[in-house]
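Going down the list, the protein sequences come from chains S and E. The numbering used here numbers the first residue of the first sequence as 1 and each following residue consecutively. The numbering used here numbers the first residue of the second sequence as 1 and each following residue consecutively.
Keep in mind that the hints are not guaranteed to be accurate.
Label pairs and their computed distance ranges (CB to CB) [claimed, not checked]:
no. : chain 1 : residue 1 : chain 2 : residue 2 : range
1   : S       : Asp54     : E       : Gly96     : 17 to 23 Å
2   : E       : Glu82     : S       : Arg109    : 39 to 45 Å
3   : E       : Ser51     : S       : Leu88     : 31 to 37 Å
4   : E       : Gln41     : S       : Ala14     : 31 to 37 Å
5   : S       : Glu8      : E       : Gln44     : 19 to 25 Å
6   : S       : Tyr61     : E       : Leu95     : 20 to 26 Å
7   : S       : Gly62     : E       : Asn59     : 23 to 29 Å
8   : E       : Thr38     : S       : Gln45     : 16 to 22 Å
9   : E       : Thr14     : S       : Pro79     : 49 to 55 Å
10  : E       : Arg63     : S       : Asp54     : 31 to 37 Å
11  : E       : Asn77     : S       : Val83     : 38 to 44 Å
12  : E       : Asn71     : S       : Gln71     : 41 to 47 Å
13  : S       : Asp9      : E       : Tyr10     : 24 to 30 Å
14  : E       : Leu95     : S       : Asn30     : 18 to 24 Å
Derived by calculation from the structure, the hints in this document are not laboratory data. Keep in mind it's a predicted model, so treat the numbers as computed, not measured. Where is the CB? At the ideal position from N, CA and C, for every residue including glycine.
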Amino acid sequence: AQSVAQPEDQVNVAEGNPLTVKCTYSVSGNPYLFWYVQYPNRGLQFLLKYITGDNLVKGSYGFEAEFNKSQTSFHLKKPSALVSDSALYFCAVRDYEGAQKLVFGQGTRLTINP
Amino acid sequence: KAGVTQTPRYLIKTRGQQVTLSCSPISGHRSVSWYQQTPGQGLQFLFEYFSETQRNKGNFPGRFSGRQFSNSRSEMNVSTLELGDSALYLCASSLGAGEAFFGQGTRLTVV
Numbered sequence: 001a002q003s004v005a006q007p008e009d010q011v012n013v014a015e016g017n018p019l020t021v022k023c024t025y026s027v028s029g030n031p032y033l034f035w036y037v038q039y040p041n042r043g044l045q046f047l048l049k050y051i052t053g054d055n056l057v058k059g060s061y062g063f064e065a066e067f068n069k070s071q072t073s074f075h076l077k078k079p080s081a082l083v084s085d086s087a088l089y090f091c092a093v094r095d096y097e098g099a100q101k102l103v104f105g106q107g108t109r110l111t112i113n114p
Numbered sequence: 001k002a003g004v005t006q007t008p009r010y011l012i013k014t015r016g017q018q019v020t021l022s023c024s025p026i027s028g029h030r031s032v033s034w035y036q037q038t039p040g041q042g043l044q045f046l047f048e049y050f051s052e053t054q055r056n057k058g059n060f061p062g063r064f065s066g067r068q069f070s071n072s073r074s075e076m077n078v079s080t081l082e083l084g085d086s087a088l089y090l091c092a093s094s095l096g097a098g099e100a101f102f103g104q105g106t107r108l109t110v111v
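Input sequences plus hints: build the corresponding full structure.
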């Protein structure tokens, strides 16, 4: 079965510094990977996806993610963090090709300190 | 373009009651999925509907059910509510193999 793991429950970064939120995956077949962000009392907002192609994927709000097949990782990155980036971040993988079911990691709470 | 709309936003129910939650997908999206989010279990898949047919179902008891109408709107129902059903229920819609777009969720509290 497909799975993703987010090894850090919490990440703290100073405003203006680069940030990384880690995600590793385990899939059979081609990985379809996603990052979502959740603000308090809100649903999930789509940030970016990797289906195929370039290993560096650019998304919304200045975020990008690096797909690494050999390390089975899909880390979320941003060059310069903003206080408004503070939120809960989820990595997800599509259950199988053609499916809509997403399997989510447990989430990482990102706090950006002014 | 309007996003995914879930109603109601908040619900308080008593144990043993039943509840129905509603989801209107983005116009043109025919796939609707439901997820339960709790602090302990995280985000768990409930079921997915496409063109009024359930295509996939998660590992939840039969008290959890859903349906989809011809206009792609979907409802999920939970019968005989238990305290552990308290959660944020999220609906997502998608077009083909594209990414899923989520609604704001319905916060269900069972007392």
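Against the structure, the hints:
About 21 Å separates the C-beta atoms of aspartate 54 (chain S) and glycine 96 (chain E), a value consistent with the hinted range of 17 to 23 Å. For glutamate 82 (chain E) paired with arginine 109 (chain S), a C-beta distance near 28 Å fails the hint of 39 to 45 Å. Checked against the hint of 31 to 37 Å, the pair serine 51 (chain E) and leucine 88 (chain S) passes, with Cβ atoms roughly 33 Å apart. Taking 31 to 37 Å as the suggested C-beta distance range, the pair glutamine 41 (chain E) and alanine 14 (chain S) conforms, at roughly 32 Å.
Between glutamate 8 (chain S) and glutamine 44 (chain E) the CB atoms are about 21 Å apart, so this pair conforms to the stated range of 19 to 25 Å. Restraint check, tyrosine 61 (chain S) to leucine 95 (chain E): a C-beta distance of roughly 22 Å satisfies the suggested window 20 to 26 Å. Separation of glycine 62 (chain S) from asparagine 59 (chain E) is about 37 Å and departs from the stated range, judged on CB atoms against 23 to 29 Å. Taken as a hint, the range 16 to 22 Å holds for the pair threonine 38 (chain E) and glutamine 45 (chain S), whose Cβ atoms sit roughly 20 Å apart.
Take threonine 14 (chain E) and proline 79 (chain S): their Cβ atoms lie about 50 Å apart, and the range 49 to 55 Å holds. Distance hint check for arginine 63 (chain E) and aspartate 54 (chain S): the Cβ-Cβ separation is about 45 Å, which falls outside the suggested range of 31 to 37 Å. Checked against the given bound of 38 to 44 Å, the beta carbons of asparagine 77 (chain E) and valine 83 (chain S), roughly 41 Å apart, stay inside it. Taking 41 to 47 Å as the suggested C-beta distance range, the pair asparagine 71 (chain E) and glutamine 71 (chain S) conforms, at roughly 44 Å.
The supplied range of 24 to 30 Å is met by aspartate 9 (chain S) and tyrosine 10 (chain E), whose beta-carbon atoms lie about 27 Å from each other. Our hint of 18 to 24 Å for leucine 95 (chain E) and asparagine 30 (chain S) holds, since their Cβ atoms are close to 20 Å apart.
When held up to the earlier numbered hints, the structure conflicts with 2, 7 and 10 and fits the remainder.
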